[in-house]
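J.: Here are the chains, one letter per residue:
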Amino acid sequence: MPTTTVEARNLGKRYKDTSALENFDLSAEAGTVLGLLGPNGAGKTTTVRILTTLLSLDTGSASVAGFDVARDARQVRRRIGLTGQNPAVDDLLSARQNLVLFGRLFRLTKARARERAARLLEQFGLAETADRQVKKFSGGMKRRLDLAAGMILAPQVLFLDEPTTGLDPAGRREVWDAVSGLAADGTTVVLTTHYLDEADRLCDRIAVIDHGRNVVEDTPAGLKRRMGHDRLELVVADHAELAAARGLIEAVASGEPAVDEAAGSVSAPVAEPVDALTATATAAREKRLEVADIGLRRPTLDEAFLELIGQEDRK
Amino acid sequence: MTTTNPTMTRETLGSRLKWTIHDYRAIVGQEFAHIFRQPANFAWQLGFPIVMVLLFVYVFGSAMDVTGAGAGVDYVSFAMPGMFAMTMAFGFTNTAWAVAEMKEKGFIDRVRSMPMASSAVVVGRNIADTIHAAVDLSILALIALVIGWRSDGSLLETLAAFGLLLWLRFALIWVGVWLGLLVKNVEQAGNLFAVAFPFAMVSSVFTPPDLMPNWLGTIAVWNPVSATATAIRDLYGNPLPVGDAWPETHAIAAALIGPIVITVIFLPLAVRRFRGLGR
Ligand SMILES: Nc1ncnc2c1ncn2[C@@H]1O[C@H](COP(=O)(O)OP(=O)(O)O)[C@@H](O)[C@H]1O
Ligand SMILES: [Mg+2]
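Listed in order, the protein sequences are those of chains A and B. Residues in the first sequence are numbered from 1 upward in steps of one, following this note's numbering. Residues in the second sequence are numbered from 1001 upward in steps of one, following this note's numbering.
These aren't lab readings, by the way, just hints derived from the structure by calculation. Incorrect hints may appear among the rest.
Stated by the list, open to error - Only part of the chain A face toward chain B is listed, based on derived beta-carbon distances under 10 angstroms:
#, residue
1, V76
2, R77
3, R78
4, G84
5, D91
6, L101
7, R104
8, R107
9, D146
10, G150
11, H239
12, T278
As the list claims (entries may be wrong) - Simulated restraints, written as ranges between beta carbons of each label pair:
#, chain 1, residue 1, chain 2, residue 2, range
13, B, L1269, A, E256, 55 to 61 angstroms
14, A, R132, B, F1060, 42 to 48 angstroms
15, B, G1237, A, K136, 48 to 54 angstroms
16, A, G12, B, F1042, 44 to 50 angstroms
17, A, T219, B, E1187, 23 to 29 angstroms
18, B, S1119, A, E29, 33 to 39 angstroms
19, A, D197, B, S1138, 52 to 58 angstroms
20, A, D91, B, F1193, 19 to 25 angstroms
21, A, D91, B, I1257, 35 to 41 angstroms
22, B, S1119, A, T219, 42 to 48 angstroms
23, A, E128, B, G1237, 54 to 60 angstroms
24, B, I1035, A, A127, 22 to 28 angstroms
Even glycine gets a Cβ: it sits at the ideal position worked out from N, Cα and C.
Chain B extracted, bound-state conformation (with noise of 0.2 angstroms):
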């Protein structure tokens, strides 16, 4: 019989880490080969955005005076950094998709039960999520440049802007983990878009929040999607006259320290999540 050993008997922390590294390799590798096999898939994920923003860019924007100049002025300089910063509060539902699927296919459970860091399930989850992320950003970033937007700002501005999304993104993936290993199956994962929703939407992406009633305005003023649009509005150059809370007044450090502060609480509660797997 064919014996392979992978693994030396004793194992240093550099080989560990090595190991590590080649565990979350793995486990991004496979979600690549899934965007190579299912372009369709990623397309239709990205159908979402794509349809929201022609509807509030051709249908309600007409409507909506947003600069005080009247209606329909400078709409699409609004909505499409909220467009981007809608679809970074969303994907926490396609991780939660994914790892409800990989839970209840058991691929989860064979992988806990291989001799590999089991940590990479979750973590090569989020790299390959935030990598996803990335190209779903620049898809629709050609997208907005089409429909007629432009970044004002510099190229580093514009980068940063960038770089504040992926960072929302990437700490709504704890969340999306801590969701996905929580509902029972997949269906319940798909229904996770009800909470999405009102999460993405009762924000500044696309209705100032001025605009709204007082109790639900300051919601969305202290929503974390919000504090990232309205940062990535500014370094795009595409500033818009905001309120006078914290969170508008200092929106690029609220969405440096808003992703921080669901890390801190959504990342313990996905490890244990995970470990309590096991009882």
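Next comes chain A alone, as it looks inside the complex (with noise of 0.2 angstroms):
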């Protein structure tokens, strides 16, 4: 029978003239991986504050690990990892400093703490430049050591907030394998994200949260197919031939064509990307139309959310 590891219920927090979060619920099932999603401002970081005991709740319950987080905050913190929204390692220490004065403050003894660096930082292959600077240390690099930071006692919750953000595509597939990793190792893992991309590739379940409020929490294909369509996107080589093109994909379109005239470019959501796609590149060929470029691209996530939280207010 699944557990639930993290269940908080009707979170609402204010700072002094804002509402960071409104009646939020979320909960996560052992051994799997939560997704939350917003934009920037959303309440993501409020949230993991508020499940990792480091900020005060206004109302509603947390609970993580079985423990509530505000009457056994300790409790909680004996069985959670914690990555921030900027990796909190010692630059002017190596890899391997880090891991073990991180595990002398979980208070390990130094020996079990040098034992426990010297593992963490074989699993997120970080062995070979353990005793270098990490200053020197790239981003994806910086952060799985930071990921690793967080896992000195193999917690039973991993939170991690933005784990991606500001890492080059490289940098990113580390961190992601990384998660990857723990996730298959049983470990719940708690991340926030503005990348749609990231969610899918990583989570079980995603909660999409917009103005400190549940928008909808889903399934990464669940939430794919409430978020409309691709869009089928045509950038012609001379400006002057937009009009043609506007035609071309107003005939396969679901939805209204944007156009952007210094781009050169018409896009249109399609209910079948792949039919719309083959049948405008042959129509642009028969037309002899000058294509730059052609494709479908997802909707970009701030199409989604505007989609997504409409809905929510038509509800």
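Please assemble the complex out of the two chains, which come individually in their own frames, going by the hints.
T.: And the structure:
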């Protein structure tokens, strides 16, 4: 039977003049990866800070690993790991020194801390650079070290606040692999992100948050189904042909085409993406339209949010 | 999966104390690792007082008549203790900067999310900074000796003087912790230098308050940095004619009490601020 490891009910939190969370619910089952997806300022960090005992809540209640975050903060702290929005590692020290330090602060003996550091360096692919100063690390390496620091006690629940923000694609991949590895080992992970693809790739369930409220919660597949259609985009080489391009797109679109004069592009949502793409490409060739680029793209997160939040408002 | 259970389930007072000391040691150890990793950084922090002293002793000092016996006379024995006191006074900016950086980087958050004594960040910082200051002072004293400064006091008096300096530094660490938690980011912490400058300078460290305009002189006399500077000059056996305000005639008492007052005000502020991080 699945057990609930993270359970938050009716969370409310106000900062002086902003309400950061209102009646916010969240739950994650043991051994799953829960994504908290939302734009900047949605309340993701506030949620993570409350669940990791860093911030008091105004209303509602939350428990992590079976303990109440307000009443049993110490018990919660023994069972969680946290990787904050910025890598909280000591730049001046080496990777190994960092992990030994955190191990010590997690109250391991020196020998135990060293042993644990060595294991984690291995696990997170940092063994070879273990003794180099962290200052010289790439963004991805630093993040992996940060993750390793959160894993010192092999926590039941690991919280990651925007683990890949600011990383290049290679760095993101490194972090994704590390998180997938942890999830496969059975750690419950709660991660926040504003990247749809990241949530899609890593999470078992995604909770969308905006303005401190629940928008929707679903599996990645379910969420994508709700998120409206792919967009077909056509970029012409000669801007004089924009009108013709608009005509082609309109023929297959399921919604109003958007024209970007400066970029020379026309795009519109399409219900049958692959059919629409092939039909349009064929039509363009027949009409001898010079195509600079043609392709399908997912709605940007902004578009997706607008759509989701719009649906929510209409309810 | 490995389970590494660090703490027993029930904590007695004794074990709590033991672990708290363990936490403090870890934080202090971190500071030492910094010094070993970055001796250059350490040297830079000392660069400012050294430049100041060279400037004052060799540039302004030749025009400064501190003893009434003529410009330039005995300026080294006046300025060196002043420089020691000034370095201690500026020290709180280092503390503030270090705390602001720990906060901005999320280090404090991480530590607060751990089952350790959260006071370790603050107290450990204090111990580390006091040790750091002791090392600073030793280096400065060596430089002072090279320039020609001598303590005429007994060994005990000389050591007592260094003790008073560290006492001041210790008290100001609470100011540093409080400010470090108060500022928004590291950049703002860097700007604290602008606050530290008048605090350290409107005092008797480099200029006798007698030579300042009346109102400024009064501030300088009551500045705790002055009391420490005057007290250590007495202890080093480089006393100077001073005014008749209480902190000047009872410099050692003032140098003992001043830091207590600072601690009484700023320790609770720092603790409150630290607790307030969770609100
Ligand atoms: N310390 C604070 N003081 C005042 N307002 C804050 C503070 N922290 C966050 N906020 C506000 O609360 C809202 C939620 O912030 P946050 O949880 O950081 O969002 P996210 O992590 O999703 O970007 C935002 O409007 C933000 O401006
Ligand atoms: Mg955030």
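J.: Give a verdict on every hint.
T.: So, going through the hints one by one against the coordinates:
no.: 1; hint: V76; verdict: 9 angstroms, holds
no.: 2; hint: R77; verdict: 4 angstroms, holds
no.: 3; hint: R78; verdict: 5 angstroms, holds
no.: 4; hint: G84; verdict: 4 angstroms, holds
no.: 5; hint: D91; verdict: 8 angstroms, holds
no.: 6; hint: L101; verdict: 6 angstroms, holds
no.: 7; hint: R104; verdict: 4 angstroms, holds
no.: 8; hint: R107; verdict: 4 angstroms, holds
no.: 9; hint: D146; verdict: 9 angstroms, holds
no.: 10; hint: G150; verdict: 8 angstroms, holds
no.: 11; hint: H239; verdict: 45 angstroms, violated
no.: 12; hint: T278; verdict: 49 angstroms, violated
no.: 13; hint: L1269/B - E256/A: 55 to 61 angstroms; verdict: 59 angstroms, holds
no.: 14; hint: R132/A - F1060/B: 42 to 48 angstroms; verdict: 46 angstroms, holds
no.: 15; hint: G1237/B - K136/A: 48 to 54 angstroms; verdict: 50 angstroms, holds
no.: 16; hint: G12/A - F1042/B: 44 to 50 angstroms; verdict: 47 angstroms, holds
no.: 17; hint: T219/A - E1187/B: 23 to 29 angstroms; verdict: 43 angstroms, violated
no.: 18; hint: S1119/B - E29/A: 33 to 39 angstroms; verdict: 36 angstroms, holds
no.: 19; hint: D197/A - S1138/B: 52 to 58 angstroms; verdict: 56 angstroms, holds
no.: 20; hint: D91/A - F1193/B: 19 to 25 angstroms; verdict: 22 angstroms, holds
no.: 21; hint: D91/A - I1257/B: 35 to 41 angstroms; verdict: 40 angstroms, holds
no.: 22; hint: S1119/B - T219/A: 42 to 48 angstroms; verdict: 44 angstroms, holds
no.: 23; hint: E128/A - G1237/B: 54 to 60 angstroms; verdict: 59 angstroms, holds
no.: 24; hint: I1035/B - A127/A: 22 to 28 angstroms; verdict: 27 angstroms, holds
In this structure, the hints that do not hold are numbers 11, 12 and 17, in rising order.
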